[in-house]
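Chemist: Same order as they appear, the protein sequences are chains A and B.
So for the first sequence, my numbering puts the first residue at 2; every next one is plus one.
So for the second sequence, my numbering puts the first residue at 2; every next one is plus one.
Hints were generated in silico from the structure; no laboratory data involved.
Errors might be hidden in some of the hints.
Pairs involving identical chains hold if they fit within one copy or between any two copies, as the list cannot separate such chains.
Stated by the list, open to error - Listed below are the simulated DSBU-like cross-link pairs for lysine-lysine, each with C-alpha atoms no more than 35 Å apart in a straight line: (1) 399 to 385; (2) 356 to 163; (3) 263 to 385; (4) 383 to 304; (5) 399 to 194.
Values in this document were obtained by computation on a predicted structure and should not be read as measured data.
2 protein chains.
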Amino acid sequence: MNPPSASALLGAITAASRNEPDSGIMSAVNHGNGRTDIIPVWSGEGNVPTPEAFCRPAIESLLQGETFYTWQRGIPPLREALARYHERHYGRPFDPENFFVTGGGMQAIQTIIQMIAGAGDEIVLPTPAWPNYAGPMRLSGARPVEVPLDFENGSWHLDLDKLFGAITERTKAIVLNSPSNPLGWTASLDDLKAVRDECRKRGLWIVGDEVYARFYYGGAHETRAPSFLDICDSEEQLLLANTFSKNWAMTGWRVGWLQAPKALGPAIERIIQYNTSGTAAFLQRGCAAALDDGEDFIAEQVKQARANRDLVAQSLRRHPQVRFELPKGAFYMFFAIEGMKDSLATTLSIIDEAKVGFAPGGTFGPGGEGFLRMCYLRDPAKLKEALDRFGTWLETSKPS
Amino acid sequence: MNPPSASALLGAITAASRNEPDSGIMSAVNHGNGRTDIIPVWSGEGNVPTPEAFCRPAIESLLQGETFYTWQRGIPPLREALARYHERHYGRPFDPENFFVTGGGMQAIQTIIQMIAGAGDEIVLPTPAWPNYAGPMRLSGARPVEVPLDFENGSWHLDLDKLFGAITERTKAIVLNSPSNPLGWTASLDDLKAVRDECRKRGLWIVGDEVYARFYYGGAHETRAPSFLDICDSEEQLLLANTFSKNWAMTGWRVGWLQAPKALGPAIERIIQYNTSGTAAFLQRGCAAALDDGEDFIAEQVKQARANRDLVAQSLRRHPQVRFELPKGAFYMFFAIEGMKDSLATTLSIIDEAKVGFAPGGTFGPGGEGFLRMCYLRDPAKLKEALDRFGTWLETSKPS
């Protein structure tokens, strides 16, 4: 027999799987991958590998033979360390039973979506946003309802009336990512209270992504952004996705967690069972060490990120055609270039011409076209070099 | 505010998430967990930890800082090692581009289901089967159509007419697990050809789970079971889920792979991106070592499994109320006890009374009630002790 054509094969998978667009971030990465002359700032990760102190407990566990199936919800010592970490930073008691270990923050998000939204259901989220919220919603048959923030007078505004106006009878949740990837925009406590109250009133899930909470450039004594954990009860309709990736430089480990009301425990366990069936126990030993002993490392990372943010801002301000808001959190600069209509084409041109790899703003949903995203949690010397190259490009070239 | 009740919270998740039954295997595990006097044979894993030779390359990679985001489809060296492994065992060339690394064989199965079946679609599968096929189908909104094999005159028969008769216009695939968990039943090449031809004729996906292919108790020179890879083209509607868990004693690593036509590559990458966003690169280094250097270890494991199978059979044959077919593959004994109507209740009684932990047959779907499953890839001394305890129980107790 002759094997079927590519189009016949694609015709035999679901429309949602077939039609889901490729991430513009991946398009940039694939365009520049393998070229050693390019300085990449496209991905959401720092340049520092995982500290050895977090690796050692994982290695020890592996060599001691902790290589069997494990708890679907995560090993008790890691869930206890999560409770301790939250107690330290949110100033109240937390119960290990509210924490569920996942194969990365992304898997926590997918688990949330699978649990709360079926075919035809809607989830409201402000954009520009990380494309990995809307993507898994579409794959599940749910509909992301995207409400763009306004970029006015050089700053981003969340219009709460517009956000709440997008709620229908099919809406199951509001997703709020603060500090925001890609914007750096950070919700105030009043914003969070308004979202909480609307969700309570309408019986919706509050879905929070506070992955960048520690990367917050507030006052001298503020070590985290305002949080739903400041104003919500652990047992209400609140679901938080989080990860070890950013704070502890563990992107490549693929371990995160989900915080949820205890009553959902068995449902979450079943979803995990049918996905990865748990996270390697030996990796979780390293994550527990990171939580307990990682504060100095985080402080150092955040200090570097803040200095880098200021460096990027200073450099970009020299170019009148570039506009941005100085980010309050996370580690991205999201900037507009005057006259840019096609951020993906521009991104690819800049890779080829300036040897700097940004992520195209259009991939972050409504309101993102016309912008580029740069991750600035990088080696400062490399970052300076990237900014110089890009500055030269701006002076000599036009965006698409 | 008073937080909502547990039932209100459960009412706010999807019906599929809420109503999915707990696995009977997990019910047994939870009943016996933490009791050191119990000999557990409930899970599908051996008693030997991962050999150090497979751990060392992972440790080296981790310490060298390979801790960043990686290829969504897996690192090239592992995909090349997979092609080499298949060339060795299936006697023809394989292309690394047909292999996609996943967070366990389970995630490979979930990825397949998400890709080929949406709400209302059907997938046909013979039972008794591992509950982790039907579960993720139901969670995706798809419908598992379960066709029981017949247990007649002490052996299992797959009635192909009955299997194909279950196909409707909504059917997207036939799933075949051979050697079978829990039965040990193994498809002949003629069975596989018949399934292949029916799928080709009806435009269905052939979904194969050949995780236990190497645990095959055939003739002296047979080192694997008959496979769809013997009779199918890599670029046809064929999807195979597999794992490092069983052959290489890596259950706790949570790494597997998916074999698929190349045309599906971008769709598979997107599904992986929206789930775990890839598998830890440093773990993949250990998996590559297992593929290249693991043959002696596999041979030793299979030899032990075969001896254990014969030990179990010999012991159970002493009890006329027990019936089973000597398994041709995998490492489970699936046996009936005369008069048993409730396999879960019986399993829990045996845990309490005989201190042996089986898995209840009812959890494996239609045709499974009335049976118990035991994993025999265990330490032989422990296995003998478990069989003695169970033998005494059989002589003194009645099943529920």
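Chemist: All the hints need checking, so say for each whether the structure fits it.
Modeler: Status of the hints after comparison with the structure:
1. 399 to 385: within (21 Å within a copy, 77 Å between copies)
2. 356 to 163: neither (40 Å within a copy, 61 Å between copies)
3. 263 to 385: neither (47 Å within a copy, 41 Å between copies)
4. 383 to 304: The answer is within: 17 Å in one copy meets 35 Å, while 55 Å across copies does not.
5. 399 to 194: neither (43 Å within a copy, 60 Å between copies)
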